Structures are given as structure tokens and as C-alpha cells.
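S.K.: Listed below, chain by chain, are the residues.
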Amino acid sequence: MTTLQPPIFPRMPRGRRDQRRYTERPRSDGLLGRAVVQSFVKLDPRLTARNPVMFVVWCGTLVTLAATLEPRLFELSPEAPGRGFNALLSLILLATLLFANFAEALAEGRGKAQADALRRTQASTQARRLLPDGSEALVDSSALRRGDQVRVSQGEMIPADGEVVDGVAAVDESAITGESAPVLKEAGSDGASSVTGGTRVVSDKLLIRITADPGKGFIDRMIALVEGAERSKTPNEIALTVLLAVLTQVFLIAVATLPPVAAYINSPTPVVVLVALLVALIPTTIGGLLSAIGIAGMDRVAQFNVIATSGRAVEACGDITTLVLDKTGTITLGNRLAEEFLPVGGHSERELATTAHAASWFDTTPEGKSIVRLAEKLDAVTALPMDTATGLEFSARTRLSGTDLADGNELRKGAVEAIKGFVRSRGGTVPADLDAAYERVSRLGGTPLAVCWNAEIFGVIHLKDIIKPGMRERFDQLRRMGIRSVMLTGDNAITAGVIAREAGVDDFIAEATPEDKIAVIQAEQRLGRLVAMTGDGTNDAPALAQANVGVAMNSGTQAAKEAANMVDLDSDPTKLIDIVTIGKQLLITRGALTTFSIANDVAKYFAILPALFGKAGLAPLNLMGLASPQSAILSAMVFNALIIPALVPLALKGVAFRPSTADQLLRRNLLVYGLGGLVVPFIGIKLIDLAVSALRLV
Amino acid sequence: MASSSGLLSKPLFWLPLGLVLGTVLAAPLFSSSPSPLQSNALALLLSGTVVLSGYLFVVIFQPERF
Chain A
47 MTTLQPPIFP RMPRGRRDQR RYTERPRSDG LLGRAVVQSF VKLDPRLTAR NPVMFVVWCG
107 TLVTLAATLE PRLFELSPEA PGRGFNALLS LILLATLLFA NFAEALAEGR GKAQADALRR
167 TQASTQARRL LPDGSEALVD SSALRRGDQV RVSQGEMIPA DGEVVDGVAA VDESAITGES
227 APVLKEAGSD GASSVTGGTR VVSDKLLIRI TADPGKGFID RMIALVEGAE RSKTPNEIAL
287 TVLLAVLTQV FLIAVATLPP VAAYINSPTP VVVLVALLVA LIPTTIGGLL SAIGIAGMDR
347 VAQFNVIATS GRAVEACGDI TTLVLDKTGT ITLGNRLAEE FLPVGGHSER ELATTAHAAS
407 WFDTTPEGKS IVRLAEKLDA VTALPMDTAT GLEFSARTRL SGTDLADGNE LRKGAVEAIK
467 GFVRSRGGTV PADLDAAYER VSRLGGTPLA VCWNAEIFGV IHLKDIIKPG MRERFDQLRR
527 MGIRSVMLTG DNAITAGVIA REAGVDDFIA EATPEDKIAV IQAEQRLGRL VAMTGDGTND
587 APALAQANVG VAMNSGTQAA KEAANMVDLD SDPTKLIDIV TIGKQLLITR GALTTFSIAN
647 DVAKYFAILP ALFGKAGLAP LNLMGLASPQ SAILSAMVFN ALIIPALVPL ALKGVAFRPS
707 TADQLLRRNL LVYGLGGLVV PFIGIKLIDL AVSALRLV
Chain B
6 MASSSGLLSK PLFWLPLGLV LGTVLAAPLF SSSPSPLQSN ALALLLSGTV VLSGYLFVVI
66 FQPERF
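From first to last, the protein sequence lines are chains A and B. Residue numbering for the first sequence follows our numbering, starting at 47 and increasing by one per position. Residue numbering for the second sequence follows our numbering, starting at 6 and increasing by one per position.
Okay, chain A solo, but in the shape it has when bound:
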């Protein structure tokens, strides 16, 4: 068997999740060097042609280069600029292209570093495939196909993604999650039956049914995604590409039709100056940074240990208007603990505790164990013959669990309504004081569990729910962002109402069944809202597929992971709130830089138009007092080039995000990036002009 060291994730967030937001991972060795090389590789016209704005700059660079080689090539006028000016302009345009390529290459390089780490888990592994006659054959992992069964023992690598068919084992998943503590995997469990190729069994053994063909596994998909191999433009990127192409087209036609007008007003314009004018007019800043912003958005999601199946999913997060959240594990701590026993129908607390102890005997959930512990604390241990009894597992449909004794006696605990139904079905009656006990627990925000022995109800167990710290503030933030939160819970309406009020969610669905999830999502979508949800079980898969953003837990089933468009490697449902924030930040960053790019063109007009048409009466537009027409053109072009690398950190890191409404965001965007985009170039171009004049470059 192959023994590999798990890869070290350079950007694996450490420590408490709420303290590692936007953690910058350390720079990988050679990342900048590779990005520089890639900047030149991306000058290939086949690659540049994917970006219309930068392709126009690329064509303009060819024209100025040709004019550098032969300054009279395109010029009839004797006042054409000399070779030196043309060469400087060519260099500046080339730098503009290289800076834009560098931004994209840098963003891609960060993803590739993670892909390399993942690839190390993919070394070929030998697997013991189970043959139809029950014997085993040693085969290469690449020969395994969907449906094959393999046996994996302690110390061996799991050869491919699959579902546990038999056995219980601890699995080290640090290769994909970075979490060093092994997780328990067993057959038939929604949360623990799915295994990932490249992880290692550290105790016992498992029989696994392979669920993915070679190259189609979870890690293969992750590699393809982080490398950008499956990256396709998102709807917003496509819309922005069209807008940029339209603007470029308009300015190309305007500039191309300018020479006859210029000749008519006796201000002949050299071709290289027309190229400079065109490049100044088209939105090169956003054109150069657009793909880097998108790639960096995926990267920021990955920094949170979340793998998105597409950029579209990340972007959709920014448009989310409704969050559908499970109460348990998301809003409240997953482990509800038994707080007290409330006997009803004349029974004593001890009788209730003893019955609850027996009803919870086979319950391995934290809640079940806490009931057993509380009963033992009260010295109320059952004396019933549990060695011959069998357990009944809880199901979301019946909403009860319990113990069946060998002599036919049935002990049950579960939702109060479910227990009432169970007792009535066996000819029993409901004690008059049950509802009072139920309401008392519910009003405290606890979960009441009724306990019965055959047709007789003994009382209620108070399961205490604890709301996670900081949830109210997070829901307040979401509300300010215009996002509505809906809590789904199997609890009764009173408990759900108390928890919802305390946590600050906007709405709740009580006594929800798995089918309610998809119904809630569809109802929200019918109102034109975009919905995000988390899930981990097979019964969550339809709702995950229906939601606009479905986040599956990595500990969840294969079905849930395949239905979702994001997988959270840390299996933390509250992360959905962070993901929405990242999506918003991606959209805001793109909007901010587009605003800045279009606004900063204005200053360039004031630099280049007086330079072109000074003789025709536009000299008063030289507000910046630029030294000469040629210096003005060069200064505008140098600013145009330098602003791209200056904005690369912002494009990669994202604009600082403050939860606020769309109107507030728009106002802030216009004020900071619109006004800033107007003012900064005036200052920048003037300073560059002073430097160009001082250096006597023209």
C-alpha cells in the first residue's frame, strides 16, 4: 500500500473559525516568479482574445510597435511623432498588457498551489477489490469502477470515493480537511458513511462500495476547480463583458472616424496618438482585473475550506435574499442536554427518570446519552432486562425512538404530539397536566420530549437548547444586508418561537419534516427570492439541488455532496453566513472597480483631448496644466498602466465589506470609488507629467 504524508495546505485556516475570516494564506514559494512568466505567456493572442478590452490594447501595441520600427509607416503629416515617442508608447502599452496578465496569473497561481497539494493525495494506490466469489484481487486504484467493492484495513489509503457498506473504522481525513482528529465512519449512517479517496483508515477495517470512476472523484473535482480548469464565466461576468465590449466598440468607432473630422478642423492626428486615445477611452482597468476578481472570489471561498463547484455558485451567494437554516447545529449547539424530568399523570420524578433511562438505553445520540446520564445522576437506573431488548431508532417521520422489550412492552420517547398519537393508538389517554409541562419547557426555549410506557405517559424531559454565541448579531447583520433568515426545526411552535426570538431569525417553520425544506425553498423562489441552505443527509439532497446555493457538509452523504454546489470541508453549517458575505464581497469588488475604471477615464479625456485638439480651441481643457501634448499623452498612458498593478491587491483581497443595504452600498461605492476614480487620476497624471518633464522623456 502507498504511504503518503498528507499535504500541508498553505492556506488552511487555523484556530477558531470566527477568528480566521479572510485569513491571508502565506505566499507560496515562487508564486510571483511564476506569475511574471505567465504574464508573458498570456501575451499569446489566442489567450488575449478572450478579453475584448485587453485584445484591443494588444492590437494597439502592434500598431505602435510598427510605428516605432518605421515612424512614417502610417503618417502623411510631417508633424508625426518620432521613433522615441512611439517606442515609449509601445513600452507603456506592453506594460499595460503585462500588468493585466500578471493580475490574472497571480490569482490563478494561488489556486494552483492548492491544487498541487491536493494532487499529492492522488498517487496511485493498490486496492483489494472484492470478486463475485468473495475472494480479493489486488488491483491498481485507477482500475476501480463505480459499483466495485473494496476492503480497506488499518493503515491503508482509501483508493476512491465511496460509501461504507460494512464495518466501523476511524478515518484520517486531514488530507482534505486539514483536521488531524480521525472521524468515525460506519455503514448506514447519513453523516458518516461517505468516504473520500486519498484519506486513510487509522483503525479497524471497512468494506466500501466505490461511487466514482477514476478522474471523477471528489479530489479530482476539487483540483479541476481550484486550477480553474472548469472555470466558466458567471452570468454577472458575462454581462460585464458585454458592457465592456459595447463601450470598447463605441470608442473604437468614435476614434476610427476621428481623422476626417480632425483633418477638417486642421488638426491632423497621428495614428499612434489615436491608439493612445482609444486605450485611454476604453475601460482597461476593469478589463485587466475582471478575471482576477472572479478567480480571487473562488480563492476566498476556498480559504474558508469550502469548495465551490463553480464561480456561478460563489457569485449567486452575493445575490442571496433568503437563508434557510436548520436550528440544531446551526443556530443552536448541536448537543441538546437533558436538564430536568417533569412527571405528569401522578407519576413520580423517579418513575419518569427510570422509564426515560430504559427508553434511551439504545440511543447513542448526545441527547440520548445526556438523558441516561441525568437519570443515573438521580440514581434512577432501569432494572428491566435490557440484554434481550431491542432499540428503535429515531426517524424524522415518526419523531420518536425507544426500546422494545422481549416480553412485548414498548418504551418510547419523542415529540409530545408523536407520543400522544402513539399512546392513543394503543388505547391510552393523555394526562391533563401533560400540556402544562410541555408548555413550561417550550416557553423556556427548551425541547420537550414526552416519555411513555406502552399506553401510559409518564412525563416530559426538558432538553435544553443553547443558542450559539453571536448568532443574534449575525442575523442582525444579515437583516442589514437585506437577507431574510428562516429557521427550520422539528420542535413545536412554542419552542421554535422562543428560539427564533432569542436568536433573532426572521421566520421559522416548526415541526418541519424533510419535505418541508424543499417546500419552503420553492415558496421563497416563487416570490422571486434566491435561497441558500445547508444539508448533509440523503434526504437533504433534493432541497440542496433546489436551492440557488446548496452547501453540503463534507461529513454528509455522497448524494448530498453531489446535489450541492458547494462542499464545506469543515462540516460547519454556520459557515453559510460567511459564504454569503464572500459572495456579496465579490459582487461589491467587481462593482467598485468597474465604477473606478469608468470614472478614471474622465481625467484621461482632460489629458488627451487638449493634447490632440489644442490648436482647434480645446487648449482650455488642459485643467491639469500638463507640460506638452506628448507629455500629456504619455502621462495618461503611464497612469493607465500603473493603476492596474496598484489595484491588484484590492482585486485579490476584495473590497472591505460592511453589512448594509443595497442603497447604502451603492452610495458608498459611488462616493469612494466614483469620486475617488475622478480625483485620483487628476493627481496621478499631473505627478507623472512632472516626472516625465523632469526626466525630459519627450
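In short, the hints are calculated from the structure, not lab data. Errors might be hidden in some of the hints.
[To be verified] Listed below are several chain A residues computed to face chain B (Cβ distance under 8 Å; list not exhaustive):
no.: 1; residue: PRO98
no.: 2; residue: CYS105
no.: 3; residue: PHE120
no.: 4; residue: LEU144
no.: 5; residue: ILE284
no.: 6; residue: VAL288
no.: 7; residue: ALA291
no.: 8; residue: GLN295
no.: 9; residue: VAL317
[As the list claims (entries may be wrong)] Some but not every residue of chain A turned toward chain B, in silico, with C-beta under 7 Å:
no.: 10; residue: ARG96
no.: 11; residue: LEU119
no.: 12; residue: THR287
no.: 13; residue: LEU289
no.: 14; residue: LEU298
no.: 15; residue: ALA302
no.: 16; residue: GLN571
Keep in mind the model is a prediction, meaning the values are calculated, not measured. Note that CB positions come from ideal geometry on N, CA and C, so glycine has one too.
Based on these hints, arrange chain B on the given structure of chain A.
M.R.: Below, chain B without anything else, positioned relative to chain A:
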């Protein structure tokens, strides 16, 4: 190996073809230039601008291809 239909759908197949054809067709418009090199260069510039404009129209109407 790229199929012929795949090749025909690539903009970088049509761009040089358009440039060459455009230059040949537009060159007579600049016959008054001082040198044949300049008349060809201006014809190339004109056809290049037209081809570039055509490319931008393709981007506008089929943005997902880029």
C-alpha cells in the same frame, strides 16, 4: 487535431483571413500614398480596424464563447 468545423468557429482563424482580404481590397484606396509600403500599411490598418470591430460584435452577441 482540431476538426475543420472547430477551426472555422475560432475567431483567430477568421481574424488573419479578414485582415489579408481586407488589405488586398483596401490597398487601392491608398494608392496616392508616397510609397507602396505605406499604402499597404494604411490598408492593413483600415481592415484591421474593421476586423477588430467585427470581433467586438461577436463578443457582444456571443459573450459566453470568450
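S.K.: With reference to the structure, classify each hint as holding or not holding.
M.R.: Quick rundown of the hints versus the structure:
1. PRO98: Holds - the Cβ of A/PRO98 comes within 8 Å of chain B, reaching about 5 Å at its closest.
2. CYS105: holds (6 Å)
3. PHE120: At 6 Å from the nearest chain B Cβ, A/PHE120 passes the 8 Å test, so the hint holds.
4. LEU144: Since the shortest Cβ distance to chain B is 20 Å, the answer is violated.
5. ILE284: Where the cut-off is 8 Å and the nearest Cβ of chain B is about 5 Å from A/ILE284, the hint holds.
6. VAL288: This interface hint holds because 5 Å falls under the 8 Å limit.
7. ALA291: Nearest chain B Cβ about 4 Å off; hint holds.
8. GLN295: holds (4 Å)
9. VAL317: holds (7 Å)
10. ARG96: holds (5 Å)
11. LEU119: holds (5 Å)
12. THR287: holds (5 Å)
13. LEU289: Hint violated; A/LEU289 Cβ to chain B Cβ min 9 Å, cut 7 Å.
14. LEU298: Hint holds; A/LEU298 Cβ to chain B Cβ min 6 Å, cut 7 Å.
15. ALA302: Since chain B brings a Cβ to about 5 Å from A/ALA302, closer than 7 Å, the hint holds.
16. GLN571: Where the cut-off is 7 Å and the nearest Cβ of chain B is about 24 Å from A/GLN571, the hint is violated.
Of the hints listed earlier, those the structure fails to meet are numbers 4, 13 and 16, in rising order.
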